[in-house]
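Chains as they are written, first to last, in my numbering: chain A, 1 to 102; chain B, 1 to 173; chain C, 1 to 483.
No lab work stands behind these hints, which were simulated from the structure alone.
It cannot be assumed that every hint is accurate.
Here are the simulated DSS-like cross-link-like pairs (lysine-lysine), alpha carbons at most 30 angstroms apart as the crow flies [stated by the list, open to error]:
no.: 1; chain 1: B; residue 1: 169; chain 2: C; residue 2: 300
no.: 2; chain 1: C; residue 1: 353; chain 2: C; residue 2: 300
no.: 3; chain 1: C; residue 1: 353; chain 2: B; residue 2: 169
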Amino acid sequence: MPPLSWYLYVSAALFALGLFGMMTRRNSIAMLMSIELMLNAANINLVAFSAYLRGHTMVGQMFALFVIALAAAEAAIGLAIVINIYRTVKHIDADEINLMKW
Amino acid sequence: MEITGYNVAFIAIAAMTVTSAIFVVTLPNILRSALFLMFTFIGVAGLYVLANAEILAAMQLLIYVGAITVLILFAIVLTQQLMGARITQTSRNIVLGGVAAIAVFAFIATTFVSHFSKGSDMIAAQPAVPTSDPLLMIAKMLIQPYVLPFELASFILLVAMVGAIVIAKEDKD
Amino acid sequence: MTIPVSAADWIVINTELILVGTAMIVLLLDAFNRRISDRISPWITLVGVVGGLVSLGFLWGQEYTGFAGMLVIDSFSVLVKMAILFGTGLAVLLSVDYLRREELAQGEYYGLLLLSTVGMLLLTSSANLIMIFLSLEMLSIALYVLTGYARMRPRSQEAGMKYFLLGSFSAAILVYGVALIYGALGTVDLAGVAEALTAPGILSNPVLLAGAGLVLVGLGFKVAAVPFQMWTPDVYEGAPSPVTAFMSVSTKAAAFAALTRVLVFAFSDLSGVWMAVIWAIAALTMIFGNLVAIAQNNIKRMLAYSSIAHAGYILVAVASANQLGIQSIPFYLIAYTFMNIGAWAVVTVITRKGEEGVGLSDYTGLFWRNPLLAVSMGLFMFSLAGIPPTAGFTAKIYLFMAAVNANLIGLLIVAVVTTIISAYFYLRVTVIMFMHRPSEVSAVHVPIAAYVAIIIAVVATLWLFLFPNSTQAFTEAVWRMGL
């Protein structure tokens, strides 16, 4: 059986890649995909801890289940916003809406 | 490290997951990014199976692969078809983002993982095998201690549904 | 099989149930008859909010724990919930005529507003990291939609998109942090966390520290603390004004309640670490918010930076983490609710269709156009600046006393200096309104509902200054609460 640390490596990689995507991508759908990667990274951690922590309580699996449900809700809202913004302003590059303007 | 079937399977699935994720955040064609995102999700489901979380793996496949990826693909295709938006995309701050990502990964990999690989009385060497039917356990937990989060999640889905309709509906008048 | 829900469980969520019921009525009414819904849904919403306030009155002074320790009712959460509901109620009064002016649909707006409020109320009581995450998502998802509610106005949509992307990003960071805390301690229950932290050697666990740090980042986004404030000005500017009014006070109140519960009650054994961090964030937030606000010529952006600055002041109370500090948080939140919504109410009334007329120049000689409005706005500016005779003054005094008690002299100096700096841009608005007589005087039309909201805010702002003792009994009870 693989040890816990292997899961943590994979999770860390996904989290870092999601962060990279958030910082570099300009298309808002691509940014949404990066956020999904980060949520998956967190879920891997939760499931792995749930399996390896002594006194197996399944709390982590439970939490991961809620995170999955919420990811679906977030994706629905995000894509509705994206489609509506296309209809009126014809672009979805986050840069063009000055995402980081102070 | 022993070479067992589980370990080999883990390495293969993890390699697929991480490679796909790299493509997701680097490919210029957003449609391909979305397809690779699907492979990442499938890989994560495989990792859940190896951690004895079959129920969660099924949920992952149903919701992430079946719903979210399709939703994302729909949004890409719709916006491209209706508005002629570019399917290619550009990136910025690649150096900064790369440095930040590598730093975060290195930090997590060195400090946390070493913390957990030392082994402690809290962490077992093997993933726990569920003693009873895991589906029954999850069902019971959803009703007993987690009834409120469960109900709340249903309301969040309601908010998302109403909200998505409010935002994306066509104006008739 | 029956679902075991005890009497205490029902009591703990009764305020939320009232509001959820109201939201369902509003949404269903809208689905069946849009014409009737357009006319009466704001008033149904107000009835629900008042009902929620009444139920809080019954909960006052009692302590309950429900749903296996996931939700707690104590004086702290009741007071913060009151602040949230005051904010919701006043925002409804502002929205009625605003939605009519902007030709936006009424029904779903109030449904989403109420469900967002429910998320905030639950966040205030949450004593479990799962509940904190879920209720944070509930309030955020509804707010993403409300921010982009003016679907034909690009600025509103862009604000919605920006809020959504950065909000989801912060939520993902929060979940990762919670996962790490779970891995380090084996629990996500706040009481369990507090207990686990007493174990020897656990405090130097890097996983725990990183997890707590990431949770702090996630909540920092919601309260708009520097350096996680970058979304605030654009979102506050782009969102419909009543929505901005609502989220600038109620979201802040709920997020601060959660932050306080997590830091002061669950992670109190780790205070040696987070106190320094909060110290720095508070100082940066006060300095940044107030300095950048000076440069703004758009009143909505100025108020957005002012809101960032006020988050910094409340963080001073969190950093002091003593009895007075914890007591002053609900007081500050209630005072801030009235003075800030009051200011946004005036802004909502002055702006014209399509959110035009938000420059400071639009306020020139307001006194001659509508004296009552100008005097009210002047009072709110005084209050935000912390000048007597207003609630803002009393709230700041409590805060400074808490900082003195906790021996945070450096932070106190920053707070006092930035307060003095802030007087410049708040008083500038007052000067513009009173000193420059316009060449042509055109009256400002103020809808009755907005007048009511402004008058309530004025009375409350004065009341909290004149009779702080009326709330002192409340705030003193706060300290006695258990987790």
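* Asked: Taken at face value, is the distance from the CA of residue 169 of chain B to the CA of residue 353 of chain C at most 30 angstroms?
  -> Given that 30 angstroms is the threshold and the Cα spacing comes to 22 angstroms, the pair holds.
* **30 angstroms limit on alpha-carbon distance, applied to hinted pair residue 353 of chain C and residue 300 of chain C** => holds (15 angstroms)
* Is it true that the CA of residue 169 of chain B sits at most 30 angstroms from the CA of residue 300 of chain C? -> Holds - the C-alpha atoms of residue 300 of chain C and residue 169 of chain B are around 29 angstroms apart, at most 30 angstroms.
Checked against the numbered hints given earlier, the structure satisfies every one of them.
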